[in-house]
Every structure is written in C-alpha cells, then in structure tokens.
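Put chain U on the given structure of chain V with help from the hints.
The lines below spell out each chain.
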Amino acid sequence: MQTQRGLWLFLVPSGLMIALVLLYPLGYAIYLSFFNYYLGGQEPSFIGLGNYTALLGDERFWSSIGKTVMIVAGAVSLEFVLGLAVAFGLYKLTFGVKPLNLLMFLPHIVTPVVAALFLRWIFTGRWGLLDAIIMSFNIFPPDWLGTPGWARFTVILADAWQFTPFMILVLYAGLNTVDSSQIESAQMDGAGNWTVLTKVMLPAIKPLILFVLAIRIMDAFRFFDQIYVLTAGGPGTATETLTMYTYALAFRLLEIGKASALGVLTLLLSALTIGLLIAVLYRRDKGAF
Amino acid sequence: MRPSRASQTLLFLALCAFTVVNLTPIIWAFLTSIKLPVDAFSVPPKLIFTPTFEFHYQVWVEKEFWRFLINSAVIAVSTVCISVPIGTMAAFALSRMRGSGSRGILFGLLAMRMFPHILLAIPFFVLAQGLSLIDTYPAMVLALVAINQPFTIWMMRSFFMDVPLELDEAARIDGCNLWQVFYQVALPVVRPGLWITCLFSLLLAYNEFLFALVLTGPSTKTLPVAIAEYGAEDLNYWSLSAAAAIGIMLPIVLFMMALQRHLVRGLAFGAVKG
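Residue numbers (the working numbering), protein chains in the order written: chain V, 30 to 318; chain U, 5 to 278.
Bound-form chain V, shown alone (with noise of 0.2 Å):
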C-alpha cells in the first residue's frame, strides 16, 4: 500500500482556480439573486426573496418554463429516437460503416453559431434552400421562423440536427459493448430485431442511455447560442425559453439581481429534473411493478 499523503497536494492550484472562478462567481450570483440591483442605476438595495416571489407571479417566467420544457422534451426525444435507431442501423450494417459514421458526425462539430447560420440559410423564409424546393412544387411553404408554433419547431430539428449525432455515436458504442452470447441466445429462441433491441441490448446498456440522456437533458435547458442567432428568442417570445429570458433581463434590461434569481431557479429545476430522471429509471429497474 503505497503512502497516499501528500496527494492532496496536487489538487491545490485547480481547487483555488475552482473557488476563484467558479465558486466565487457562483456565490456571488446567489448574493445578487436576494438585491434589487439595475446595473447603472442606484445602488442596489437588499429584497430578500423579492426577486424570487416576483418571478413566481410572473407570467413570462411561467411562459418561459413551459417552452423550456416543450424545446427539451422535444429535441431530446427526437435525438434519442432517430439516433437510436441510426445506431441500430449501423450495428446491423456490415459494410461501409466507418465512412458512414465519420460523414454522420460532422455536424455535431461545427461551431453552435455557425450551425444556427446554416440551418437559418435552409429556413429563411423565401429565399431558404427549404422554401425554394417547396416553393418548385408550387406549394406555400410555412413561415419557418416568423409563426410561433414552427419557430419552435425549427428550434428543436436545429438542436436535434446538432446532437443526434452525439446520440448515434455514444449508443452505436453501447450497443457494441453488449455481449454477443446473450443476443444469439435470444435469436435462437426467435426473438426478431425488434425484441433483441428491446428486451435485450437496451436493458444492457441502460445506465449509458441514462447517463446520455442526463448529459443531453441539461445541456439542452441551456441552449442558447442557436436560438440566439435563428430566432432570438421570437417571434414573439414564441422561442424564449428560461435562457434567453435570463439573457434579455441580465444583458438588455440590465436587471441584474430579478436575472440572477431566475439562473438560481433554472440550475434548481434542471437539478430537479435529472434527479427525478434517474428516481423514475431506477425505480423500473428495482421491478416496482
């Protein structure tokens, strides 16, 4: 047993980076969140949970929860669906997989903003590669960014485009991973492709998937960079979602304490919702019913 004194050492220069950087700043967002504080206005003065309560009765915030959730649940559905399926494809295939793969995953590397450009030159209406091809079968396309409810549909497929790629990649590696005896096993007895993939590979790998979907989970409550440049947050407030709100208070109407508050509140739901997650997860896997 080698003599572990002295390990803690080396954690030294990154723990005071951590508390200069991201601890500190973290505090002080919380310390903000209890101020009233306009940035250029008068000196900021303590509310104690005023920001708080004002946001509970405040009807964007409500409105912003809820399209937070729908843009979530959405994207992240639609990801975990498609690439699971992409990713089933390609465990099935038996040639031309690394090409495949490789092609598959370029857009999952292109710079966030730069990906919300592409997707905007596809979506802007009339000139957009999508309304020119629609519009050569003489039909009238949609307003992709300017109604709500395809705005909002736009902003899901530009998460989705990004990181069902992701997906594939993580679930095409777990699907490896399970062992081959069990699924011959199952073929012998019958089983076709879809009760091997359910009843036998996806219970394999479930913590992966859990974890996949945790990981993608919260970094979709704080999208933001593709939203930014597809929408900002329009029409409207059709795509604000509980980021870009925290953006418009912080950075254009300079509320910086009732912006704060509102950052404390989104970590505390996004918390809440990977906790339940996982609650919901382990519970099947304990056969509750």
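Rather than coming from a laboratory, the hints here were simulated on the basis of the structure. Given the structure is predicted, the values throughout are model-derived calculations rather than measurements. Keep in mind that a hint or two might mislead.
Among the chain U residues that face chain V by a calculated CB cut under 8 Å, a handful are [said to hold, decoys possible]:
| # | residue |
| --- | --- |
| 1 | Ala21 |
| 2 | Thr36 |
| 3 | Gly91 |
| 4 | Arg100 |
| 5 | Met116 |
| 6 | Pro120 |
| 7 | His121 |
| 8 | Phe186 |
| 9 | Tyr187 |
| 10 | Pro255 |
| 11 | Gln264 |
Where chain V lies over chain U, by a calculated footprint (3+ residues, C-beta under 8 Å) [what the hints assert, rightly or not]:
| # | segment |
| --- | --- |
| 12 | 141 to 150 |
| 13 | 194 to 204 |
| 14 | 240 to 254 |
Even for Gly, the Cβ is constructed at its ideal location relative to N, Cα and C.
Structure of chain U alone, referenced to chain V:
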C-alpha cells in the same frame, strides 16, 4: 443468422439517405459561399454555376476576419495553457485517492459541468465590469478556464485510471517522491491522452459563444461573435457570411477527423467509464 444481401443494401441506402439530408446544410452553405449572389438566390436553386472564391478572400482579408481569428486563437490557447496543467495535477490525485472524499469531489465536478452558463455569465459580467476587465483577454480566459476545469479533470482522470498502481509503487521503491511519480512516471504514459484533452479544451474555447458575447468587445471579439453579428440579416452579405462560416468551421472539422478514434471518450469526458 446471416443477413441477406438485399436487406443489407436497403439498410445501407437508408443510412446514406439520412447522411445526405444531415449534411445538406453544410453543403448548401459551402455552395452559397462560392456562388455569385445572382446564382445564390435563384428559384429553384441552381446546382450548376461558375464557382468563385472571391468571397472567401473578401471576408478574411478585406473584412479583416483574421483579426477575430487571432483573438480566438489567443483566448483558446491561453485557456488550454492554464486549464490543462492544473487540471492534470488534480486528475492525477483523484485517480490515486480512495474513499468518499474523492468521490464527493468528482461528483461535485460533474455537477459544475452542468451549471447553466448564463448563471455564471452574470457575475462574470458584473465583476469584470467592476475591475474594468470587459473587452480584455483575461476576463474571457478566466471564464473559459472555469467551465473547462471539470471537463479537463474528469477526462484526464479517466486516462490516469488506466495507469496501473504497480507502476507508481515500483517508482516509489526506486526512491521517487510523489511529484516524480507524477511527472516522470505517470505523465509520460498518459501523454496521448494529454494531447487529446488539450485539443478538446481548445475546441470548447474556440466554440464558446455566450461568454464571448458578454465579455468581449471591439478589440477582443472572437470568431463566433463576429460571425453572429455579421450580415446574417442582409441578403447582400449572404455569400460573404457563408464564406466566413465555412472558414470558421474548417479547422475544427480537420481536427476532429484526425481525432476520430477518441471521440466517444472525449465527448463523454470519460464519465461513461469513470
């Protein structure tokens, strides 16, 4: 069971179709960047045209996008130079420690990786303004180091976990102190992992938008902020901004193609394994 040739071909074609649809936005942007406006806005879209690289030249040379490239490079490289060495030391310790303390730290780091960035952007903005650091490199670099640390530590830890403890013990018996074990024994073994971590941190910093939007200004603006501001509205600038967008994307694509083998580990920052 051997899959039939027909079903394999069908599957292959289906996956090809998915890939083509998936790549359309990139291909379309590239075509737009080498089209004259006359060709770019024709309905139905033109596929046969005379290509021109004039816009690529204009955007990088005449519109001085190289300035933003320099800003991006300075910020990303500084971030890596601070974040990776200290993160690597911490990762070494965490890969050698046992007990609930180190588990707690690791879980805490994972939780920090999940913070909504907007929540950090607010205090960074207020503090940077108080210290007159807005539109300077240090503000942006420190913010990026903050969001980089959890990632760097988790990823490097997963590489150190592969270094057998016997190697440490043998070195101890030969009289190495802890620092020598780290620097002369463990670090050389994980060198490939170290490079991968550097490249992923570089990428994280290069792609960052929200902090750059809030903390940089006219003299430190990075590429993502520049392109987001540049002529997306005005149809006259379509070809120009498409050229810039393609140019921004290109180095990353080349990077990642080279790193393909390590993607899973990098993107999941080692947590799948941890």
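Going down the list of hints, with the structure as the test:
1. Ala21: With a minimum Cβ separation of about 11 Å from chain V (threshold 8 Å), the hint on Ala21 of chain U is violated.
2. Thr36: Constraint on Thr36 of chain U satisfied, holds at 6 Å.
3. Gly91: 6 Å, holds
4. Arg100: Status holds, d = 6 Å.
5. Met116: Result: holds, 6 Å to nearest chain V Cβ.
6. Pro120: At 4 Å from the nearest chain V Cβ, Pro120 of chain U passes the 8 Å test, so the hint holds.
7. His121: Cβ of His121 of chain U sits 6 Å from chain V, so the hint holds.
8. Phe186: 7 Å, holds
9. Tyr187: 11 Å, violated
10. Pro255: Interface hint status for Pro255 of chain U: violated (10 Å vs cutoff 8 Å).
11. Gln264: 6 Å, holds
12. 141 to 150: The restraint on the segment 141 to 150 of chain U holds, since 4 of its residues have a Cβ under 8 Å from chain V and three suffice.
13. 194 to 204: Violated, because only 0 residues of the segment 194 to 204 of chain U bring their Cβ atoms closer than 8 Å to Cβ atoms of chain V.
14. 240 to 254: holds (count 6)
Violated hints, listed in ascending order, are 1, 9, 10 and 13; each of the other numbered hints is respected by the structure.
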